[in-house]
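*Asks:* Sequence:
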Amino acid sequence: MAQADPAEQANGKALPPVLVVTGISGAGKSTTLKALEDLGFEAVDNLPQALFAPLLAAPTERPLAIGIDARTRAFDPRHILGAIADLSRSGRTVRILFLDCAGPELVKRFSETRRRHPLATDRPAVDGIAWEREMLESLRKAADIVIDTTDFSSNDLRREIGQRFRAVDGHALTLTLVSFGYSRGVPRDADLVFDMRFLKNPHWDAALRPLTGTDPAVARHVESDPAYAPAFEAIMGLLALLLPGYAKEGRAYVTVAFGCTGGRHRSVAVAEAAGKWLENKGWSNSVAHRDRSRDAVDETEDALFSVLPEEG
Numbered sequence: 071m072a073q074a075d076p077a078e079q080a081n082g083k084a085l086p087p088v089l090v091v092t093g094i095s096g097a098g099k100s101t102t103l104k105a106l107e108d109l110g111f112e113a114v115d116n117l118p119q120a121l122f123a124p125l126l127a128a129p130t131e132r133p134l135a136i137g138i139d140a141r142t143r144a145f146d147p148r149h150i151l152g153a154i155a156d157l158s159r160s161g162r163t164v165r166i167l168f169l170d171c172a173g174p175e176l177v178k179r180f181s182e183t184r185r186r187h188p189l190a191t192d193r194p195a196v197d198g199i200a201w202e203r204e205m206l207e208s209l210r211k212a213a214d215i216v217i218d219t220t221d222f223s224s225n226d227l228r229r230e231i232g233q234r235f236r237a238v239d240g241h242a243l244t245l246t247l248v249s250f251g252y253s254r255g256v257p258r259d260a261d262l263v264f265d266m267r268f269l270k271n272p273h274w275d276a277a278l279r280p281l282t283g284t285d286p287a288v289a290r291h292v293e294s295d296p297a298y299a300p301a302f303e304a305i306m307g308l309l310a311l312l313l314p315g316y317a318k319e320g321r322a323y324v325t326v327a328f329g330c331t332g333g334r335h336r337s338v339a340v341a342e343a344a345g346k347w348l349e350n351k352g353w354s355n356s357v358a359h360r361d362r363s364r365d366a367v368d369e370t371e372d373a374l375f376s377v378l379p380e381e382g
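So the sequence shown is residues 71 to 382, counted in our numbering.
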């Protein structure tokens, strides 16, 4: 590729690259574009050919993935290749990703999904596949990357895309930490759940009961439990082991949940501490407290308290 022209730079940095995603219908273009979007790309699918060159030339802050194939109105590979060549000469990095798949597997996929091939609405799918291969041959020859998805599942393809393009957005993993109360149920989207009910409960301290785990006094109370430090260290060690593996496997989202009885004290304090620990280790994350403001949850704890024998 040519060196970046100063006019094609913004704030002293070269403009983000462009990836043209094309290939045979049924080979996985939609799955690929969704995976790229999860990796930080701005994804545009089935763009009218007349808008192709203007979009490529427009400035953008994120890498751009453009899906285009034989379904596109007035589709002409020569026009597409010409626009790519013009932009490349200006210094913008443009690559072509071509998705291919064996004919019998494509026929099987169209049969299983009960979809018609876009170029053979009134004919057998095999006819449309053959015609499309001929139309796209020049794009396949010009492609920088060709991925054969014949033996891929959707997860396999997402993993392959993640391995090839993850560098665009660092870890490429959206990590969410959630605190919750077991009395309201475990979050349905949780991938990992840690039960904090073994720690000293600030609810039994009248001065701490109205507060939540985001208050320093409550956090100190939770951390003063002798079991806290070894447990927290073990949990963070496990996350440090698992998260790189999730990212390597192409996972886009991971939700880690910390639970306690009411979801207001222990789980909140631990989730806050975990978020800071992970951030210091380079794992960007967001922390959400599902039940922190739901006072009604405490009725469960109060009911339990009322049946316990009085001390003293």
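To be clear, the hints were calculated from the coordinates, so they are not data collected in a lab.
Please read these numbers as outputs of a predicted model, since none were measured by experiment.
Ideal Cβ placement from N, Cα and C applies to all residues, glycine included.
It is possible that some hints are incorrect.
As the list claims (entries may be wrong) - Using 27 Å as the maximum straight-line C-alpha spacing, the simulated BS3-like pairs for lysine-lysine come out as follows: (1) K178 x K104; (2) K270 x K346; (3) K178 x K211; (4) K104 x K270; (5) K351 x K318; (6) K346 x K318; (7) K318 x K104.
Said to hold, decoys possible - Ranges of calculated distance between the beta carbons of each label pair, as one might list FRET restraints: (8) A172 x D295: 26 to 34 Å; (9) S363 x D261: 21 to 29 Å; (10) E293 x L262: 19 to 27 Å; (11) T244 x D197: 14 to 22 Å; (12) R203 x G255: 17 to 25 Å; (13) E131 x F268: 25 to 33 Å; (14) N116 x E293: 51 to 59 Å; (15) S181 x A120: 33 to 41 Å; (16) K178 x P296: 20 to 28 Å; (17) E207 x L262: 44 to 52 Å.
*Asks:* All hints are to be evaluated individually against the structure, with a verdict given for each.
*Replies:* Evaluated hints:
In summary, the hint linking K178 to K104 is supported, as the alpha carbons are separated by about 23 Å, within the 27 Å threshold. A hinted pair counts as satisfied when its Cα atoms are at most 27 Å apart, and K270 with K346 qualifies at roughly 22 Å. Taking the CA atoms of K178 and K211, the gap is about 26 Å. The hint holds against a cut of 27 Å. At most 27 Å may separate the alpha-carbon atoms for a hinted pair to count; K104 and K270 exceed this at roughly 44 Å.
Taken as a hint, the K351 and K318 pair is honoured in the structure, with Cα atoms around 17 Å apart against an allowance of 27 Å. Distance restraint check for K346 and K318: the Cα-Cα separation of roughly 23 Å lies within the 27 Å cut-off, and the hinted pair is therefore satisfied. About 17 Å separates the Cα atoms of K318 and K104, which keeps this hinted pair within 27 Å; it holds. For A172 and D295, the Cβ-Cβ distance of about 59 Å falls outside the hinted range of 26 to 34 Å, so the restraint is violated.
Range check, S363 to D261: Cβ separation about 24 Å, and the 21 to 29 Å hint holds. Taking 19 to 27 Å as the suggested C-beta distance range, the pair E293 and L262 conforms, at roughly 21 Å. The given range of 14 to 22 Å is broken by T244 and D197, whose C-beta atoms sit roughly 42 Å from each other. At roughly 51 Å, the beta-carbon separation of R203 and G255 lies outside the given 17 to 25 Å, and the hint is violated.
For the pair E131 and F268, the supplied restraint of 25 to 33 Å is violated, since their beta-carbon distance comes to about 46 Å. The supplied range of 51 to 59 Å is met by N116 and E293, whose beta-carbon atoms lie about 53 Å from each other. A C-beta distance of roughly 34 Å is found between S181 and A120, which places it inside the suggested range of 33 to 41 Å. Remark: the range hint 20 to 28 Å for K178 to P296 is contradicted by a beta-carbon distance near 60 Å.
Our hint of 44 to 52 Å for E207 and L262 holds, since their Cβ atoms are close to 47 Å apart.
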